[in-house]
Amino acid sequence: MAFSALFRAGRIARLGCLMVGLGLASVPTLAADEAVVRWTGTVVDAAGVPLAGASVVFQHGDPAHRIAVSSQVVGSFAAEVPGSARYVVTARRIGWRDAWTADRSPREGPLTLRLERHTDPSAVAEQLPAQHWYARVIRQLEDPADAHHLKRECTYCHQQGSLTTRRPRSEAEWRKIIGLMGRRGAMLPATVRERLPALFIAAYDREAAVPALTRGWEDAEAFAPPAQPAALRSRVDEWDLGGRASMQHDIVVHPNGAVYSVDASQDRLHRLVPHATAPRRDSWAVPADGIPAGGVLRAPSNPREQASNQRVGPHSLQVAPDGALWITLASGNQLARFDPETERFDIHPVESGVYPHTLRFDARGRFWYTMAASNHVGFFDPTTLEQRHIRLPARTLAQEVVLRILPFTMWLDRQFDLRSIASEGGDGFTMPVPYGIDIAPDGGVWFSQLNEDRIGRIDPDTFEVTLVETPFPAPRRLRFDSKGTLWVPSFSAALLAAFDPATGSFETWPLPTDPLEGEVPYALHVDRQTDHVWICGTNSDTLIRFEPEARHFTVFPLPTRVTYTRELDFDSRGRVWTSNSNSPAWQIEGGQPRVLRLDPTPGACSGAACQ
Numbered sequence: 000m001a002f003s004a005l006f007r008a009g010r011i012a013r014l015g016c017l018m019v020g021l022g023l024a025s026v027p028t029l030a031a032d033e034a035v036v037r038w039t040g041t042v043v044d045a046a047g048v049p050l051a052g053a054s055v056v057f058q059h060g061d062p063a064h065r066i067a068v069s070s071q072v073v074g075s076f077a078a079e080v081p082g083s084a085r086y087v088v089t090a091r092r093i094g095w096r097d098a099w100t101a102d103r104s105p106r107e108g109p110l111t112l113r114l115e116r117h118t119d120p121s122a123v124a125e126q127l128p129a130q131h132w133y134a135r136v137i138r139q140l141e142d143p144a145d146a147h148h149l150k151r152e153c154t155y156c157h158q159q160g161s162l163t164t165r166r167p168r169s170e171a172e173w174r175k176i177i178g179l180m181g182r183r184g185a186m187l188p189a190t191v192r193e194r195l196p197a198l199f200i201a202a203y204d205r206e207a208a209v210p211a212l213t214r215g216w217e218d219a220e221a222f223a224p225p226a227q228p229a230a231l232r233s234r235v236d237e238w239d240l241g242g243r244a245s246m247q248h249d250i251v252v253h254p255n256g257a258v259y260s261v262d263a264s265q266d267r268l269h270r271l272v273p274h275a276t277a278p279r280r281d282s283w284a285v286p287a288d289g290i291p292a293g294g295v296l297r298a299p300s301n302p303r304e305q306a307s308n309q310r311v312g313p314h315s316l317q318v319a320p321d322g323a324l325w326i327t328l329a330s331g332n333q334l335a336r337f338d339p340e341t342e343r344f345d346i347h348p349v350e351s352g353v354y355p356h357t358l359r360f361d362a363r364g365r366f367w368y369t370m371a372a373s374n375h376v377g378f379f380d381p382t383t384l385e386q387r388h389i390r391l392p393a394r395t396l397a398q399e400v401v402l403r404i405l406p407f408t409m410w411l412d413r414q415f416d417l418r419s420i421a422s423e424g425g426d427g428f429t430m431p432v433p434y435g436i437d438i439a440p441d442g443g444v445w446f447s448q449l450n451e452d453r454i455g456r457i458d459p460d461t462f463e464v465t466l467v468e469t470p471f472p473a474p475r476r477l478r479f480d481s482k483g484t485l486w487v488p489s490f491s492a493a494l495l496a497a498f499d500p501a502t503g504s505f506e507t508w509p510l511p512t513d514p515l516e517g518e519v520p521y522a523l524h525v526d527r528q529t530d531h532v533w534i535c536g537t538n539s540d541t542l543i544r545f546e547p548e549a550r551h552f553t554v555f556p557l558p559t560r561v562t563y564t565r566e567l568d569f570d571s572r573g574r575v576w577t578s579n580s581n582s583p584a585w586q587i588e589g590g591q592p593r594v595l596r597l598d599p600t601p602g603a604c605s606g607a608a609c610q
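Numbering of the sequence shown is given in numbering that gives the first Met the number 0, commencing with residue 0 and proceeding in unit increments.
Treat each hint with caution, since some may be false.
[As the list claims (entries may be wrong)] Beta-carbon label-pair distances, calculated as ranges:
(1) S571 with R343: 24 to 30 Å
(2) T461 with K175: 45 to 51 Å
(3) D345 with R205: 49 to 55 Å
Hints were generated in silico from the structure; no laboratory data involved.
Since we're looking at a predicted model, the values are computed, not measured.
Note that the Cβ used here is the ideal one computed from N, Cα and C, for glycine as well.
Use the sequences and the hints to build the structure in full.
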């Protein structure tokens, strides 16, 4: 047997071991014509001059798999793709019209894609990420507190400034939308809410916006230069997952290589086995027995409110030491365990508190989770089934009173629709929102209070709470590195912060995405192999890497427009995983939720065995 055949046989055997370990032995093995091959080509401009920095996307399959690489300094591109597939290949760069070709095979040889410059500045403005447009709204607010409040409340679920959100609307239409968002919890000060329709209309008016956003666009290299060299060398894979009504909220990478995603709007758990030529997708309904549409936070009987399929609202998930998945069911006020081998769910009602949110495991196999609606942090021991709920300090007496009577208020809301009254006439009463959570190397449990500009520590043995004020607003999902530094994103100020628990000191850096006013970093994660910090460019269609020792940022553009990144994880090769989780999903380019993987060093491995 030739060496190449032996290599291919070994690769198939490794795939088979992975499938058996997942209970997925029914996935077909690779035939010879399905081998991964290298596809090369060049991107040029209308005059035939090589063009660097174009995103080249190879799409195949149904559900689709997309492979995105960048053209290099000499215009060349290369990607390893399944050789048996037929592809739609697209090249794009801001300032140029997209070029594409369909029904192509990599076996047909190198491909040349020719991009033509736009001649209409409005078309260039349409290509800009949402943050460029949203910054025009934020800059109109003179008070920084109002700007932070607006960013915090109006970018929870989807990008603001995307093509869908910035379309022309009348004042009456904007007021209706703002009222509907208020019913979903986006509470704004009355002064901001009254001004907001006019701010949106002025910011998104095309006659004013296009000249401002495209100033200097004729010089393409200066207006929208190629990504940094490290980013140009990266690769992004995207897999469609779920349906067009899905919301792929959080993801986690299992040690066996599978990727799990919770579908918050459809109450499902999805699994992707991301092999290059034979990806496997599975899906299970999360039990919702006896829970009405909308869950514990449901509104009164109202056709508009009952349109969603959500009952339990799976939100966050993590892998337990025994390989099982634990999931917070936010709307159902429950915790769920899923066994990948038996494909069975076990449901555990939360004994107190409301809206279990983000969870993390400690070194003893227990997990801790924030409870966003009731200002608690929960604790659960899967071995003993013990639960504890720690009530966090509120900042004001009024907040404390509202939190204490929350169960009664929720019942009253179902009878009289208090949210509608508050969204139309209230003054944006702010509540503490425990959000991100992580476990320090010393076992301490650290959390963020998003609306109160605080982080805090819970002693894992005494449950004593210590609070720390942050010198920046809206700390969100935070993570520790291997040295014990806590890294925190500022959602509304678009900052990265490093906190030293030993000294209580902070160091901050503004994110490098421009304009910064329109950026909202939802989460970050730390690759413990390198201690590199990865941050979501949630409103800029990017992922951002920070190298602490070099104090260096690298911005990695993502290939799909309107990519709302929410949670990050890493596989064994240091590749970064996240999801495109806009709600509603039809705002995503193509209207289909996706999970995606960014490989910053694709040349370090090749072939199907690396998938």
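Under the constraints set out in the numbered hints, which ones does this structure not fulfil? none
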